[in-house]
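For reference, the chains in residue letters:
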Amino acid sequence: MTVTAAPPAPVPVPPAARTGRARHRAVTFALLAPAGLTVLALVLVPLVLVVRNSFALPDAYGGIEGGFTFANYTELFDPVYLKVFGYSLGMAALNTAVCLLLGYLVSYYLAGRSPQRQGLLLLLIIVPFWTDFLVRTFAWINLLSPGGPVNGLTDALGITHGPAQWIPSQGASFVGLVYAFLPTAIFPIYATLRGVDPSLGEAARDLGCGWWRVHTRVLLPLVRPGLLAAALLTFIPTLGVFVIPVLLGGGKNQLVGNLIVTLYTEFRNQPMGAAASVVLLVLMIASVAVLGTAARRLRRRTS
Amino acid sequence: MSGRTRLTGRLPDTVTAWLARGVIVFLYVPIVVVVVLSFNDSDVTYRWAGFSTRWYGVLAQDTDLLSALRVSAEVGVVSATLATAGGLLAAMGMGRLGPRGRALFSGSLFLPLVIPEIVLGVALLSVFGTLKASLGLTTLVLGHLVVTLPYAALIVLGAHRALDPALEEAATDLGCGGWQRFRLVTVPLLKQALLASWLLCFTISFGNIVMSTFTSGVGTTTLPLRVYSLLKTGLTPEINALGTLLVLFTFVIILGAGLRQMRRVLVGDGTD
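Residue numbers (the UniProt record's numbering), protein chains in the order written: chain A, 1 to 303; chain B, 1 to 272.
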């Protein structure tokens with residue numbers, strides 16, 4: 001780079017360096033190609049195609065006819081479908097709120113234990129997290145069936161008298177959702193809370209803060225990034241769930257996930273299914289944007 | 001004064017600690033109940049009628065479930081292998097990129113983690129529909145690859161970044177070519193992470209139901225799809241027996257992958 005004089009004509013070094021750099025680039029490309037092409041061909045291109053299909057006309061068999069129409073979206077404004085979206089958003093918000101609350105509670109408990117105990121307790125949360133999703137869902141059919149274990153307990157306590165019809169119900173569906181997403185919500189909250197200096201809480205306590213204020217004024221603001229991550233990992237996936245409302249809710253109160261599956265497999269209306277998927281995608285992008293802005297504002301305030 | 005604040009601070013802490021313990025118990029009650037009821041002699045899952053292992057016998061004879069198990073195992077092995085290999089190559093390739101290229105590449109690699117899986121499934125189905133590809137093992141594997149690759153990348157990338165670059169440099173200085181360095185240095189050093197990645201990807205693929213709903217075809221019903229359709233007509237003790245085996249399988253996977261790898265993936269622990 002510092003050489004200013006014209007180099008003598010046949011120097012073997014620069015071409016070799018150039019082929020070396022070209023080779024380096026080729027190897028890098030070859031290493032990145034499998035994963036990169038997978039994402040390109042199996043994620044990005046398909047997503048573009050879904051957006052395109054959401055504006056297409058259906059053919060006689062429910063496939064894609066081509067053409068261009070907004071009808072698939074306007075049809076989603078039918079009260080039947082609007083109800084599904086409203087119910088889904090409410091259910092997802094409620095599920096997120098409960099998971100964050102319980103997740104914070106468990107994380108706070110975990111972070112206060114000795115390192116060895118923390119490792120053990122973390123393992124206790126990892127096991128249900130990796131346990132098969134369907135097993136964790138149908139486990140609740142066992143538990144909530146009339147005359148089942150929970151019913152036996154409430155009978156013994158005198159809360160119920162005889163077999164209770166708890167399943168299928170919206171309540172059972174909700175318990176199933178909380179149970180499915182709680183471990184997912186615990187990890188990011190715990191990961192952030194663990195990084196918070198415990199002496200901050202103690203200092204606030206010594207300065208006269210009560211328990212409530214220690215949490216709301218000191219700890220919660222510090223773990224907000226973890227709470228935001230947990231919210232993201234709970235809210236959006238809840239919208240796309242379709243197994244739990246069918247098995248525990250009796251299929252009456254549907255989530256967006258049920259709507260998409262029904263449109264694709266039962267109604268065989270692919271363009272409308274694509275439109276519902278795009279709406280879900282837009283909801284996801286919107287919540288990422290909202291949470292991202294919240295996180296950025298938070299960072300600006302703390303720094 | 002300080003005694004009083006201590007006291008008011010301690011009581012709620014005790015209460016919340018018990019609540020937290022209660023939540024952890026809550027995580028286990030359903031799993032324990034599945035295991036216990038799988039040994040129930042009754043035809044009705046939830047009414048206890050004595051100890052029996054007969055449902056495991058019924059399970060072993062269920063050819064439909066066993067063939068679904070085979071499909072899931074095959075798809076799991078292939079997609080876990082592809083995802084882990086792709087993750088390893090990507091990790092090595094990203095080490096050679098500049099900071100901006102790396103951010104862009106990892107951004108697109110982790111994109112499937114934030115997109116609802118059902119949308120990914122619908123999207124793939126649209127492509128298969130356009131190409132008029134028939135749904136079967138290949139489409140299942142491709143779908144599961146989409147779902148597992150980000151996890152493989154997450155695990156292998158983290159482990160690769162924690163490696164001391166001096167080790168690979170030393171190998172080069174000692175005359176190792178690219179392939180030798182890969183075989184003798186990089187892979188052995190990442191052995192733990194690669195194993196963890198493979199096992200977790202296999203588990204994710206094996207339990208997957210959302211992606212499989214859109215990518216499986218006639219004759220390639222996976223185990224979760226089969227169980228789901230059985231559950232629509234009602235829970236049987238046989239499914240509890242299957243659930244118990246799946247819980248056991250979870251323990252094996254966690255032991256195999258190692259707690260340290262798990263913690264690194266889930267709560268971002270350092271390599272210590």
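Just so you know, not all the hints are guaranteed correct.
[As the list claims (entries may be wrong)] With a cut-off of at most 27 angstroms between alpha-carbon atoms, the simulated DSSO-like pairs for lysine-lysine come out as follows: (1) A/K252 <-> B/K232; (2) B/K232 <-> A/K83; (3) A/K252 <-> A/K83.
[Claimed, not checked] Over 12 angstroms on every C-beta distance to chain A, these chain B residues come out as not near it, computed from the model: (4) R54; (5) S67; (6) E74; (7) E169; (8) G234.
[Stated by the list, open to error] Across the chosen pairs, the derived CB separations fall in these ranges: (9) B/L195 <-> A/L220: 51 to 61 angstroms; (10) A/A22 <-> B/S108: 18 to 28 angstroms; (11) A/G292 <-> B/Q61: 52 to 62 angstroms; (12) A/R217 <-> B/F251: 33 to 43 angstroms; (13) B/G219 <-> A/G292: 39 to 49 angstroms; (14) A/K252 <-> B/V77: 37 to 47 angstroms; (15) A/R23 <-> B/T138: 54 to 64 angstroms.
Derived by calculation from the structure, the hints in this document are not laboratory data.
We put the CB at the ideal spot given by N, CA and C, even for glycine.
Right, here's what the structure says about each hint:
1. Between the alpha carbons of A/K252 and B/K232 the distance comes to roughly 13 angstroms, so the proposed pair stays at or under 27 angstroms and holds.
2. With a C-alpha separation of about 24 angstroms, the suggested pair B/K232 and A/K83 falls inside the 27 angstroms cut-off, and the hint holds.
3. Straight-line distance between C-alpha atoms of A/K252 and A/K83 comes to about 12 angstroms, which keeps the hinted pair within the 27 angstroms bound.
4. Here B/R54 stays apart from chain A, with its beta-carbon at least about 18 angstroms from theirs, past the 12 angstroms limit.
5. Even its closest Cβ contact with chain A, about 18 angstroms, leaves B/S67 beyond 12 angstroms, as expected for a residue assigned away from the interface.
6. For B/E74, the non-interface assignment is confirmed: its Cβ lies about 18 angstroms from the closest Cβ of chain A, beyond the 12 angstroms cut-off.
7. Even its closest Cβ contact with chain A, about 15 angstroms, leaves B/E169 beyond 12 angstroms, as expected for a residue assigned away from the interface.
8. The beta carbon of B/G234 is not kept farther than 12 angstroms from every beta carbon of chain A, the shortest such distance being approximately 8 angstroms.
9. For the pair B/L195 and A/L220, the beta carbons lie near 38 angstroms from each other, so the given range of 51 to 61 angstroms is not met.
10. Range check, A/A22 to B/S108: Cβ separation about 24 angstroms, and the 18 to 28 angstroms hint holds.
11. Checked against the given bound of 52 to 62 angstroms, the beta carbons of A/G292 and B/Q61, roughly 53 angstroms apart, stay inside it.
12. The hinted window of 33 to 43 angstroms between A/R217 and B/F251 holds, with their beta carbons roughly 41 angstroms apart.
13. The hinted range of 39 to 49 angstroms is satisfied by B/G219 and A/G292, whose Cβ atoms lie roughly 44 angstroms apart.
14. At about 39 angstroms, the CB distance of A/K252 to B/V77 agrees with the hint of 37 to 47 angstroms.
15. Taking the beta carbon of each, A/R23 and B/T138 are about 34 angstroms apart, not inside 54 to 64 angstroms as hinted.
Hints 8, 9 and 15 from the earlier list are contradicted by this structure; the remaining hints agree with it.
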